[in-house]
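Asks: Given next are the chains, with one letter for each unit.
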Amino acid sequence: DTAVSQTPKYLVTQMGNDKSIKCEQNLGHDTMYWYKQDSKKFLKIMFSYNNKELIINETVPNRFSPKSPDKAHLNLHINSLELGDSAVYFCASSHQGDTQYFGPGTRLTVL
Amino acid sequence: GNSVTQMEGPVTLSEEAFLTINCTYTATGYPSLFWYVQYPGEGLQLLLKATKADDKGSNKGFEATYRKETTSFHLEKGSVQVSDSAVYFCALLDSSYKLIFGSGTRLLVRP
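Here the protein sequences come in this chain order: A and B.
Just so we're aligned, residue 1 is where the first sequence starts under the working numbering, counting upward by one.
Just so we're aligned, residue 1001 is where the second sequence starts under the working numbering, counting upward by one.
Fair warning: there could be bad hints in the mix.
[Unchecked claim] According to the in silico footprint, chain A covers these stretches of chain B (three or more CB under 8 angstroms from chain A):
#1 1031-1044
#2 1092-1104
[Claimed, not checked] A few chain B residues facing chain A, derived, Cβ under 10 angstroms:
#3 1049
#4 1087
#5 1089
[As the list claims (entries may be wrong)] Quick list of in silico lysine-lysine cross-link-like pairs, DSSO-like style, CA-CA up to 30 angstroms:
#6 A/40 to B/1077
#7 B/1049 to A/52
#8 A/36 to A/19
#9 B/1056 to A/36
#10 A/41 to B/1060
#11 A/36 to B/1060
#12 B/1056 to A/41
#13 A/52 to B/1098
#14 A/71 to B/1049
#15 B/1098 to A/44
#16 A/22 to B/1098
#17 B/1052 to A/44
#18 B/1049 to A/22
#19 B/1098 to A/67
#20 B/1098 to A/36
#21 A/40 to B/1049
#22 B/1077 to A/44
#23 A/40 to B/1060
#24 B/1049 to A/36
#25 B/1052 to A/36
#26 B/1052 to B/1098
#27 B/1049 to A/9
#28 B/1077 to A/36
#29 A/40 to B/1098
#30 B/1077 to A/41
#31 B/1049 to A/41
#32 B/1060 to A/9
#33 A/71 to B/1098
#34 A/19 to A/71
#35 A/41 to B/1098
#36 A/41 to B/1068
#37 A/44 to B/1049
#38 A/44 to B/1056
#39 A/44 to B/1068
#40 B/1052 to A/41
FYI, nobody ran anything at the bench for these hints, they're computed from the structure.
No experiment lies behind these values; they were computed from the predicted model shown.
All C-beta atoms in this analysis are idealised placements derived from N, C-alpha and C, irrespective of residue type, glycine included.
With the rest of the complex left out, here is chain A:
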């Protein structure tokens, strides 16, 4: 059983397009996160949701919009993609402040 899953694993698209990445967790956690890993492997949090409520919103362009339809899902929609959005995006989940468990990542390439 996959604990935290993401789709798609790879996403290649043109500049200006709109795309979504989906995340699901089956761990019964109440908090979910999106992290971005750049080309130098540096990891930084983007958003966090607790019980479908946004609790962390880092300085991310408003072209990025997270949506949490329920506690088990956290999707990331990106409008008007730019070259600099190319990265690996990781979803994670936890029970509040406990250990965070990560998904396999989605490698986004913007051409």
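Fit chain B to the supplied structure of chain A, relying on the hints for placement.
Replies: Showing chain B alone in chain A's frame:
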């Protein structure tokens, strides 16, 4: 603000050598500390954690001790294997449940 500093990589070792990857942190209070590992082409996996001063986390032969006097959480392993080749991330969990990561240290183990 909170931050994590890791030694620069890559670290190249021969199989069965002793490994140390240094990690120091700056934080208010006493955050939980983590080591995550990223194998090539994969997501982040929790390696070990420590939640309070003097705690020792251990897993798969790796160990790290939470030292508040030196604000450090160095990762050690007595005898590395080729299969340990990966990127290792030290991280702290801040009070808003954000993981703050170090820049990662690439380990390459040669047969």
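Asks: Can you verify the interface hint for residue 1089 of chain B: is its Cβ closer than 10 angstroms to any Cβ in chain A?
Replies: At about 7 angstroms, which falls below the 10 angstroms cut-off, the nearest Cβ of chain A leaves the hint on residue 1089 of chain B intact, so it holds.
Asks: Would the pair residue 40 of chain A and residue 1060 of chain B pass a check requiring their Cα atoms to be no farther apart than 30 angstroms?
Replies: holds (27 angstroms)
Asks: What's the verdict on residue 40 of chain A and residue 1077 of chain B, does the C-alpha distance respect the 30 angstroms limit or exceed it?
Replies: Satisfied, since the Cα-Cα distance of roughly 25 angstroms is no more than 30 angstroms.
Asks: When you check the alpha-carbon spacing of residue 19 of chain A and residue 71 of chain A, does it fall within 30 angstroms?
Replies: holds (22 angstroms)
Asks: Given the hint that residue 40 of chain A pairs with residue 1098 of chain B, test it: the Cα-Cα distance must not exceed 30 angstroms.
Replies: holds (20 angstroms)
Asks: Tell me if the straight-line CA distance from residue 1049 of chain B to residue 52 of chain A falls inside 30 angstroms.
Replies: It holds: about 27 angstroms lies between the C-alpha atoms, which stays within 30 angstroms.
Asks: For the stretch 1092-1104 of chain B, count the residues whose Cβ lies under 8 angstroms from any Cβ of chain A; is that count three or more?
Replies: Holds, because 8 residues of the stretch 1092-1104 of chain B bring their Cβ atoms closer than 8 angstroms to Cβ atoms of chain A.
Asks: Given the hint that residue 44 of chain A pairs with residue 1049 of chain B, test it: the Cα-Cα distance must not exceed 30 angstroms.
Replies: holds (19 angstroms)
Asks: Quick check on the hint: residue 1049 of chain B CB to chain A CB, less than 10 angstroms?
Replies: Hint holds; residue 1049 of chain B Cβ to chain A Cβ min 6 angstroms, cut 10 angstroms.
Asks: Residue 44 of chain A and residue 1068 of chain B were given as a pair; does the straight-line alpha-carbon distance stay at or below 30 angstroms?
Replies: Holds: residue 44 of chain A and residue 1068 of chain B sit about 24 angstroms apart, inside 30 angstroms.
Asks: Is the straight-line distance between the alpha-carbon of residue 41 of chain A and that of residue 1060 of chain B 30 angstroms or less?
Replies: Given pair residue 41 of chain A, residue 1060 of chain B holds - Cα atoms ~24 angstroms apart, limit 30 angstroms.
Asks: Hey, does the residue 1087 of chain B contact hint survive, CB to chain A under 10 angstroms?
Replies: Because about 6 angstroms separates residue 1087 of chain B from the closest Cβ in chain A, which is inside the 10 angstroms limit, the hint holds.
Against the hints set out earlier in the document, no violation occurs for any number.
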